[in-house]
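Trainee: Fit chain B to the known structure of chain A by using the hints.
There are 2 protein chains.
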Amino acid sequence: MPKIIVEVMPKADLLDPQGKAVANALHRSGNKDISAVRIGKRIELHFDREVTDADLAAARKIGEDFLSNAVIEDVVNVVVEN
Amino acid sequence: MPKIIVEVMPKADLLDPQGKAVANALHRSGNKDISAVRIGKRIELHFDREVTDADLAAARKIGEDFLSNAVIEDVVNVVVEN
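Just so you know, the sequences run in chain order A and B.
Under the numbering used here, the first residue of the first sequence carries the number 1, and numbering increases by one thereafter.
Under the numbering used here, the first residue of the second sequence carries the number 1, and numbering increases by one thereafter.
No lab work stands behind these hints: they were computed from the structure.
Please note: incorrect hints may appear among the correct ones.
If several chains are the same, the list does not tell them apart, and a pair holds so long as it fits within one copy or across any two.
Quick list of in silico lysine to aspartate or glutamate cross-link-like pairs, EDC-like style, CA-CA up to 16 Å [as the list claims (entries may be wrong)]:
| hint | residue 1 | residue 2 |
| --- | --- | --- |
| 1 | LYS41 | ASP16 |
| 2 | LYS32 | ASP55 |
| 3 | LYS41 | GLU73 |
| 4 | LYS20 | GLU44 |
| 5 | LYS41 | GLU7 |
| 6 | LYS61 | GLU44 |
| 7 | LYS32 | GLU50 |
| 8 | LYS11 | GLU44 |
| 9 | LYS41 | ASP74 |
Just chain A, with the same shape it has in the complex (with noise of 0.2 Å):
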């Protein structure tokens, strides 16, 4: 089943008190090397037909307008998977 896959993460400039918790965790667990840790959202929009050039323009809307809150997030990538 074809799917859509919107990916939305905290902007760049952005504190994410849930991604420094778990990268603070992996360096108490020795993971000194990972230098920071950012988590943000994967949604996958499935499709019970084939997908269209149009569809993946309306998931870029999607994304940008109703899956992500501008002020604070990026959608990083909107790509489909068979």
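Mentor: Just chain B now, kept in the frame of chain A:
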């Protein structure tokens, strides 16, 4: 700066109420062709140096053991992004 992306999704046979709510809202706003929505996590592990195969293996293990809950979630993807 290279990073490793770990993607975690709720298991396929599990109810995803958040995704269901988004799907319902998309249907109400006219996107009838989206049959289902599932919402997971996209976690970026940042590095200050080049990422090695050992880092990727370690990230896979971190994803399984620490970033996801194997009872309800699957790690669907672990990739390097430069």
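Trainee: For each hint, tell me whether it holds in the structure or not.
Mentor: Checked hints:
no., hint, verdict
1, LYS41 x ASP16, "both (13 Å within a copy, 14 Å between copies)"
2, LYS32 x ASP55, "between (42 Å within a copy, 11 Å between copies)"
3, LYS41 x GLU73, "both (10 Å within a copy, 14 Å between copies)"
4, LYS20 x GLU44, "between (25 Å within a copy, 11 Å between copies)"
5, LYS41 x GLU7, "both (6 Å within a copy, 9 Å between copies)"
6, LYS61 x GLU44, "within (14 Å within a copy, 24 Å between copies)"
7, LYS32 x GLU50, "between (44 Å within a copy, 14 Å between copies)"
8, LYS11 x GLU44, "between (21 Å within a copy, 13 Å between copies)"
9, LYS41 x ASP74, "both (10 Å within a copy, 14 Å between copies)"
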